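Asker: Chains as they are written, first to last, in my numbering: chain Z, 1 to 537; chain A, 1 to 113.
Treat each hint with caution, since some may be false.
Covered by chain A, according to a simulated footprint, are these stretches of chain Z (three or more residues, beta-carbon under 8 Å) [stated by the list, open to error]:
#, stretch
1, 224-237
2, 293-304
3, 313-326
4, 415-423
Computed from the model, here is a short list of chain A residues facing chain Z with C-beta under 7 Å [as the list claims (entries may be wrong)]:
#, residue
5, L5
6, F16
7, L17
8, V44
9, C47
10, L63
11, F64
12, I79
13, W94
14, L99
Worth flagging that the hints you see were computed from the coordinates, not collected in a lab. Please read these numbers as outputs of a predicted model, since none were measured by experiment. For every residue, glycine included, the Cβ atom is placed at its ideal position computed from N, Cα and C.
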Amino acid sequence: MSMPLWPHTVALPPLLGVALAFALPLISLAIKDRRVWEGYAVASTALLFAICSYVAYAQYVLLDRPTIYTFGGWPPPVGIVYEVDKLNALLGVLVSGVVLLATLYSVRYMEREDGVEWYYTLLLGFEAGMLGCLYTGDFFNLFVMLEVMSVSAYGLVAFRRDTHEAIEAAVKYAIVGSLATTLYFIAIAFGYGSFGTLNMADLAAKVSGLTFPVTGFVYSPRGWMLGAGAFLAFMFWAFAVKAAIAPNHFWLPDAHPAAPSPISALLSGLMVKVSIYVILRFLFTLFRGAVDLAFILNALYLVAIAMGVLSALIGAFLLIVQSDIKRLVAYGTVLNIGYITMAIGLGISPSSMQSGLTAAIYHIINHGVAKALLFLCAGSFIHAVGARQLDELAGVGRRMPWTAAFFTIGALALSGVPPLNCFMSKLILMQALLEAGWLAPLIVVVILTSALSLIGYLKVVYNVYMRPPAAELSKVNEAPLSMLVPMFILTVACIVLGLSAPIFVDYVVKPAVLSALDSKGYVQAAFEYASLLYGGG
Amino acid sequence: MSELLIEVLKAASSMFLSALVILGLYLYARSKAPKNPAGEKLKVYACGESYPLQKASIADANLFVAIWKDVFKPYYRRIREKGHTGVLSDWLMWMILFLTMFFVLLLLMGGIP
Numbered sequence: 001m002s003m004p005l006w007p008h009t010v011a012l013p014p015l016l017g018v019a020l021a022f023a024l025p026l027i028s029l030a031i032k033d034r035r036v037w038e039g040y041a042v043a044s045t046a047l048l049f050a051i052c053s054y055v056a057y058a059q060y061v062l063l064d065r066p067t068i069y070t071f072g073g074w075p076p077p078v079g080i081v082y083e084v085d086k087l088n089a090l091l092g093v094l095v096s097g098v099v100l101l102a103t104l105y106s107v108r109y110m111e112r113e114d115g116v117e118w119y120y121t122l123l124l125g126f127e128a129g130m131l132g133c134l135y136t137g138d139f140f141n142l143f144v145m146l147e148v149m150s151v152s153a154y155g156l157v158a159f160r161r162d163t164h165e166a167i168e169a170a171v172k173y174a175i176v177g178s179l180a181t182t183l184y185f186i187a188i189a190f191g192y193g194s195f196g197t198l199n200m201a202d203l204a205a206k207v208s209g210l211t212f213p214v215t216g217f218v219y220s221p222r223g224w225m226l227g228a229g230a231f232l233a234f235m236f237w238a239f240a241v242k243a244a245i246a247p248n249h250f251w252l253p254d255a256h257p258a259a260p261s262p263i264s265a266l267l268s269g270l271m272v273k274v275s276i277y278v279i280l281r282f283l284f285t286l287f288r289g290a291v292d293l294a295f296i297l298n299a300l301y302l303v304a305i306a307m308g309v310l311s312a313l314i315g316a317f318l319l320i321v322q323s324d325i326k327r328l329v330a331y332g333t334v335l336n337i338g339y340i341t342m343a344i345g346l347g348i349s350p351s352s353m354q355s356g357l358t359a360a361i362y363h364i365i366n367h368g369v370a371k372a373l374l375f376l377c378a379g380s381f382i383h384a385v386g387a388r389q390l391d392e393l394a395g396v397g398r399r400m401p402w403t404a405a406f407f408t409i410g411a412l413a414l415s416g417v418p419p420l421n422c423f424m425s426k427l428i429l430m431q432a433l434l435e436a437g438w439l440a441p442l443i444v445v446v447i448l449t450s451a452l453s454l455i456g457y458l459k460v461v462y463n464v465y466m467r468p469p470a471a472e473l474s475k476v477n478e479a480p481l482s483m484l485v486p487m488f489i490l491t492v493a494c495i496v497l498g499l500s501a502p503i504f505v506d507y508v509v510k511p512a513v514l515s516a517l518d519s520k521g522y523v524q525a526a527f528e529y530a531s532l533l534y535g536g537g
Numbered sequence: 001m002s003e004l005l006i007e008v009l010k011a012a013s014s015m016f017l018s019a020l021v022i023l024g025l026y027l028y029a030r031s032k033a034p035k036n037p038a039g040e041k042l043k044v045y046a047c048g049e050s051y052p053l054q055k056a057s058i059a060d061a062n063l064f065v066a067i068w069k070d071v072f073k074p075y076y077r078r079i080r081e082k083g084h085t086g087v088l089s090d091w092l093m094w095m096i097l098f099l100t101m102f103f104v105l106l107l108l109m110g111g112i113p
């Protein structure tokens, strides 16, 4: 089958996202109609979703190897490249799909707000940043796209700049986020100093003992080891901050609730997952072939398990005592990121590496969908009642039966009630812990924290359904259709992803896992372009 | 994987049936209650004094978790006040702890040549 636009399509989502974001303020100067801006934002995110879906379709169905896009035609390791395999193609669909739903939801949710043209500009920039982080094959370009994503996120958290809470949360988030990106910059310095390259495939080749043409020199063996250790340590910590893995989670329960609810859904559902993806990519693809560095990776996997357990426990313990619906849901993110981090840590044991990675990727998708659903439902309650405290939301579910039903399904999914989606990924995580042998006792942590999260979410369900209304709710109506539709789609996704687990895991998740573990394939795809530098092209 | 899904569906169905039984019992109990209570039956009393209905229900802060919070009070104090300050210098301490732990593990697991 001919693919005339290939591989340019791979570069389109991040670049087009940035271009569409920059165009919106100009459009807003020429056309002073918010319906045009809203329509533009929805159409833009729909376009990005269509492109990302095509990229994923091509990777899963049409192609049998990662796709390389060379910017300006410069081959790796000289130029910047994007490298897309099944793993980042899959996550690209998740990101662009949830952003599309959140944008559709925003149309009515933001109807009482001024300055929505800036809101949508930042939203498109945020999406472009996330897609850039996913698709890039260059770890300095990753830093650039990380900044695009982060700066947009700081702006979105501070969008309601007339409230002290949003300003405080945004300043705190920006300071901590900037420190994290600075740490990643330090990691890049160690990486470049040690390996003499910024290209991810070249890095993976060098740690496996291969060499790309026209590449920098590797530092002395002693420095190489130390430099690789420092690179991995700083990289891991930087993205652990971005992913809110305990003890780096403290900014999240302030930042995520302060943002408008659709943005909370994107921050909790997607942005933290992009950071997790980067950790996955480095540990499982780029450094997988590094036999000499195996002990460094094992140390990192051990730390990941410890931080995952800590994250799950802290998230669950603090979730159940929250009285603010958005803070409660935000602590659920800390908890679930703990599960994903534990699953990453299972890379320490060869017997559990693949199933651990399967659990991690499946839970990234499941949590992304379910958490976005909960934030959108919480946003609908807040939009209708104008309050976030559970006491003030008492009885609102009777006036908003669809939203309350969607929230209940999302809450049950996140608590791990079968046969919903998160149960299935937690089950695979528990199986992987069993396969690892000595890590099997950690199943207790998964079960305990799931039970605690169920208690926490049931508090909300009890409040919105069972308690007598705290205030006059006769003027409260069900959320409008354009807000209900995204929630409905996410609810259906929670059910379908659970019920179709055998098919979804076998045909979607496992190919992504194998792709992530295929270090040689990742290197080979880039090496073919690099060989042009020998004069063969 | 398909067998696993069948097991999961069985578990889910049994949970659903249990929930249905509990709901049935609840509805049966409701059916035995007076249909249209009025007057004194609707009032809430505490120590012989009438009490507002809203205050009589448990505040969400204590819903399901009052005992839990009491048992784990020292733990909560620690994670909320000491380990969860949000102060940057405290966070820096965590980072230094992580880096130290990581490099100690490196030395223990193989060492730097």
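Asker: With reference to the structure, classify each hint as holding or not holding.
Answerer: The hints, checked one at a time:
1. 224-237: This one holds; 5 residues, not fewer than the three required, reach chain A with a Cβ under 8 Å.
2. 293-304: holds (count 8)
3. 313-326: holds (count 6)
4. 415-423: holds (count 4)
5. L5: 5 Å, holds
6. F16: Status violated, d = 10 Å.
7. L17: Hint violated; A/L17 Cβ to chain Z Cβ min 13 Å, cut 7 Å.
8. V44: Result: violated, 11 Å to nearest chain Z Cβ.
9. C47: 22 Å, violated
10. L63: Status holds, d = 5 Å.
11. F64: 5 Å, holds
12. I79: With a minimum Cβ separation of about 6 Å from chain Z (threshold 7 Å), the hint on A/I79 holds.
13. W94: 4 Å, holds
14. L99: 6 Å, holds
Violated hints, in rising order: 6, 7, 8, 9; the structure is consistent with all others.
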